[in-house]
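Construct the complete structure from the given sequences, taking the supplied hints into account.
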Amino acid sequence: MSNLFNIDIVNPEQSFISKDNVFEVVIPAVEGEIGILKDHIPIISFLKPGIIRVFSESEEQNFYVEDGIVEFKDNTLSVLTSSIFDLKDADKNFVSESISSAEAELSKDNIDDQKRFLLNHKVEVLKSISTN
Amino acid sequence: MPSLDDLRKRITSVKSTQKITKAMKMVAAAKLRKAQENAEKGRPYSEKMNNVILNLSKSITDKENAPKLLVGTGEEKVHLCIVLTADRGLCGGFNTNIIKKAKSYFEKIISENKTLKIITVGSKGYDQLKRQYKSYIVENISFKESKNINYFDADKVGKIIIEKFEKNEFDVCAIFYNKFKNVITQIPQEQQIVPLNEDKDDKDDSSNDNDYEFEPDEDEILSNLLPKNISTQIFKAMLENSASEQGSRMTAMDNATRNAGELVDRLTIEYNRSRQAAITKELIEIISGAESL
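Residue numbers (my numbering), protein chains in the order written: chain A, 1 to 132; chain B, 1001 to 1293.
Mixed in with the good hints, there may be bad ones.
Below, in silico cross-link-like pairs of lysine to any residue (SDA-like), each with a Cα-Cα straight-line distance of 25 Å or less [as the list claims (entries may be wrong)]:
no., chain 1, residue 1, chain 2, residue 2
1, A, Lys108, B, Lys1164
2, B, Lys1058, A, Ile41
3, B, Lys1228, A, Glu66
Keep in mind the hints are simulated off the structure, nothing from the lab.
Structure, rendered in structure tokens:
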């Protein structure tokens, strides 16, 4: 029996990728990374800024996401996100811009702890992208 | 009876109008294809979003503490209406149809002695509504500068709505837009987005499985998701609207081109007749002059 399942990543403008031959996906959920294999129980969760790793038979793909919702049901993983890009064609300028805007946001006084945590995390992830 | 010269002038002017309408039709047709594509591409996102929310709201057992965006404030005194129209005219009944739909809703609200607030998106809607409902319009948004419809714009509108909701400025929110059915028909739609109305037919077929695992808990997910859903619904409406606008314009311009063609034919016949009449008259004059000699 095959151990493959489907993944659909959609953003508001279009369907980003849709594959039916992945065997593992690692998603950066708010409460920690989740690795999803076939026949995972149905789950709904949130994403924090991070990297989605999609392992399919032939290749491994990495995407950066800022936020979004994931739903896993009937061996289909749906990822809804408004900001996503493939690490392979990451735009250096865009990354550094995002870092500086996030840092500017961080320097404000009126943000709560949760947001501060998310922003800190975002900066960390983006920096690791830009150094690679 | 217009002179030959007048007729000729009119024919040329109608012909040049026809050229313009024909060009507009072509442009609309090209834009329509793109808009339609975009609308179709955007559908999976809003559908999936709806599904997730539906599943979530079913698993919420504690209705009283559920997020207010989902269940409402418990009252329905203040209605906020978002009227989405185009920024340009010359597209047949497109804008008028939305306005008509919205107006009948407004009248209902006013006659029930409830408070009405209007946000117009798109300058044509504002132009048509300001005469009658000026005092109710709280905001007027236009995205004339952005060339393509993007999620960023929809999010801006969404944020305004959320902000107003958090300040308790309204209880019920409805959006008005045209749903794209095909090039000839666009259906004006009224959709309530706060509190969220579940579609009855969706309820039945998926009610058997709500065994999701949630991380973090349902409430937190919902309160994060609902504001996003509003932006998504607005975005969907904007996509449908833009496809409808182009479709409507294409049909309108096609009709205009055809009408202009008919007019040219009629004028040409009239022109030819009067020219023939003038020739005949001259001939008669010559002949009768020759006979009298």
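Hints, verified against the model:
1. A:Lys108 with B:Lys1164: Roughly 24 Å between the alpha carbons, so the hint for lysine 108 (chain A) and lysine 1164 (chain B) holds.
2. B:Lys1058 with A:Ile41: holds (18 Å)
3. B:Lys1228 with A:Glu66: Given pair lysine 1228 (chain B), glutamate 66 (chain A) holds - Cα atoms ~14 Å apart, limit 25 Å.
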